[in-house]
Amino acid sequence: NFTFFQSGNSTLARTTPVPAFTYLNYLAYYIRYDVNAPLHNPNQAYPLGPTPNWYWATYDTTLEQTAIFGELNFDFTENFTITAGGRWYKVEEDRLTRIGSLMQGDFPDINTDLVFANNTAKSLETGFLPKASIEYRMTPQHMAYFTFSEGFRSGGGNAARRDSIFANEFSSYSSDLIINHELGVKTEWFDRTLQVNLAGYHMKWEGIQIQIEDPDPFIFQLGFVNFPQAKIDGFEMDTHWVPTDQWDLGGTLTYNKARISRTESLSDVSAVKGTPLPLTPDWKASLWIEYTFAMEIFGGEPYARFDFSHTGESVNSLGGVEATVGENPPKTQHAYDVGDLSFGLTADMWEASLYIDNVWDERGEVFFNNRWGRERLSVNQPRMFGFTFKRRFN
Numbered sequence: 001n002f003t004f005f006q007s008g009n010s011t012l013a014r015t016t017p018v019p020a021f022t023y024l025n026y027l028a029y030y031i032r033y034d035v036n037a038p039l040h041n042p043n044q045a046y047p048l049g050p051t052p053n054w055y056w057a058t059y060d061t062t063l064e065q066t067a068i069f070g071e072l073n074f075d076f077t078e079n080f081t082i083t084a085g086g087r088w089y090k091v092e093e094d095r096l097t098r099i100g101s102l103m104q105g106d107f108p109d110i111n112t113d114l115v116f117a118n119n120t121a122k123s124l125e126t127g128f129l130p131k132a133s134i135e136y137r138m139t140p141q142h143m144a145y146f147t148f149s150e151g152f153r154s155g156g157g158n159a160a161r162r163d164s165i166f167a168n169e170f171s172s173y174s175s176d177l178i179i180n181h182e183l184g185v186k187t188e189w190f191d192r193t194l195q196v197n198l199a200g201y202h203m204k205w206e207g208i209q210i211q212i213e214d215p216d217p218f219i220f221q222l223g224f225v226n227f228p229q230a231k232i233d234g235f236e237m238d239t240h241w242v243p244t245d246q247w248d249l250g251g252t253l254t255y256n257k258a259r260i261s262r263t264e265s266l267s268d269v270s271a272v273k274g275t276p277l278p279l280t281p282d283w284k285a286s287l288w289i290e291y292t293f294a295m296e297i298f299g300g301e302p303y304a305r306f307d308f309s310h311t312g313e314s315v316n317s318l319g320g321v322e323a324t325v326g327e328n329p330p331k332t333q334h335a336y337d338v339g340d341l342s343f344g345l346t347a348d349m350w351e352a353s354l355y356i357d358n359v360w361d362e363r364g365e366v367f368f369n370n371r372w373g374r375e376r377l378s379v380n381q382p383r384m385f386g387f388t389f390k391r392r393f394n
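The numbering of the sequence shown is the working numbering, which starts it at 1 and goes up by one.
These aren't lab readings, by the way, just hints derived from the structure by calculation. Keep in mind that a hint or two might mislead.
Label pairs and their computed distance ranges (CB to CB) [as the list claims (entries may be wrong)]: (1) Ala285 x Ile356: 16 to 26 angstroms; (2) Phe343 x Val242: 36 to 46 angstroms; (3) Asp75 x Pro329: 51 to 61 angstroms; (4) Trp283 x Leu63: 35 to 45 angstroms; (5) Phe367 x Thr66: 33 to 43 angstroms; (6) Asp268 x Ala144: 43 to 53 angstroms; (7) Ala285 x Trp88: 30 to 40 angstroms; (8) Asp337 x Glu64: 17 to 27 angstroms; (9) Pro329 x Thr126: 34 to 44 angstroms; (10) Pro329 x Arg153: 21 to 31 angstroms; (11) Arg153 x Asn380: 19 to 29 angstroms; (12) Phe306 x Glu169: 52 to 62 angstroms; (13) Ala144 x Ile179: 15 to 25 angstroms; (14) Leu249 x Ala347: 32 to 42 angstroms.
Even glycine gets a Cβ: it sits at the ideal position worked out from N, Cα and C.
Based on the provided sequences and hints, a complete structural model is requested.
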């Protein structure tokens, strides 16, 4: 068995069989035209001429959305309010996919090129999303609330190769749905110099849109399915304190426990209960401190500010579910901390500042991408120095 890989004008041959190579009809092409091919035969029957364009694809999506939404607020008392509302929606999508190989001209042509996908997938979906909340104001500075709401991400169609499960059994996928329950308080203290807000929530994520690979090893095709289910439990807090005219301090803290909520299987892939959702750290936090000096320089007030952010540990993919070439396991993205520093002048009509972003030049692991077998790491922006100037006009 011979397989060939082309890069620029060079062609390499090796003895590892790759079913997709024969499926795309590359093998016969190189036997016909490549004089260095081990099985080169210029008389090999082949319908197309030589070309440097070995793969092409066209994606054309038409999306039409219609929605009617509104809400009603009713004040039972001066301190007690109920809100009810909803959204009716209709989402229609047509998705055309044409995929082929060995393109003969400057643009894809299904009459002259090798085409192994030329399909249109259609999706039509309607639904209703409710919302309800209760708000109680204990004092003008203290308020508690409870909210129930639903949100969705529209579905669509999988226009895929004709023999794929995504052109047949899973030709379309539905919207996924978030059902949210949230309880919180918003408060102000000490003559409104300190603000503290707290919220806890429980979310249920149904029919998650996940990309998987066709289980047939001879058909490399990706598509979306609704699978699996997840729960997200967490809380968030934000504070803002202005103890004097010169000091300004604040911070946020967020905790999320985002996990697959039950074990499920679909088309040879499994989602195990307790698996963490990707790109969702359990902990995130931020803090800022700003001091304004009681003086004037060039007509502006000088200030200094420091911002700090913490991003906790996360994983890059949903274990055993999302499609990866080479079946790479999920990888841990380690926690990282970033600090930003700035010094500036603020006046009525202008503002100027010098800044250093990422002071200690942290290389945070934002995303490990092993989609195509060779791992690539995306990191945060490195240390950066800069100057900004803003001018306001009446």
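For each hint, the structure was consulted:
no. : hint                                : result
1   : Ala285 x Ile356: 16 to 26 angstroms : holds, 21 angstroms
2   : Phe343 x Val242: 36 to 46 angstroms : violated, 20 angstroms
3   : Asp75 x Pro329: 51 to 61 angstroms  : holds, 55 angstroms
4   : Trp283 x Leu63: 35 to 45 angstroms  : holds, 37 angstroms
5   : Phe367 x Thr66: 33 to 43 angstroms  : holds, 35 angstroms
6   : Asp268 x Ala144: 43 to 53 angstroms : holds, 48 angstroms
7   : Ala285 x Trp88: 30 to 40 angstroms  : holds, 39 angstroms
8   : Asp337 x Glu64: 17 to 27 angstroms  : violated, 45 angstroms
9   : Pro329 x Thr126: 34 to 44 angstroms : holds, 39 angstroms
10  : Pro329 x Arg153: 21 to 31 angstroms : holds, 27 angstroms
11  : Arg153 x Asn380: 19 to 29 angstroms : holds, 26 angstroms
12  : Phe306 x Glu169: 52 to 62 angstroms : holds, 55 angstroms
13  : Ala144 x Ile179: 15 to 25 angstroms : holds, 21 angstroms
14  : Leu249 x Ala347: 32 to 42 angstroms : violated, 23 angstroms
The structure does not agree with the numbered hints 2, 8, 14 stated previously, though it agrees with the rest.
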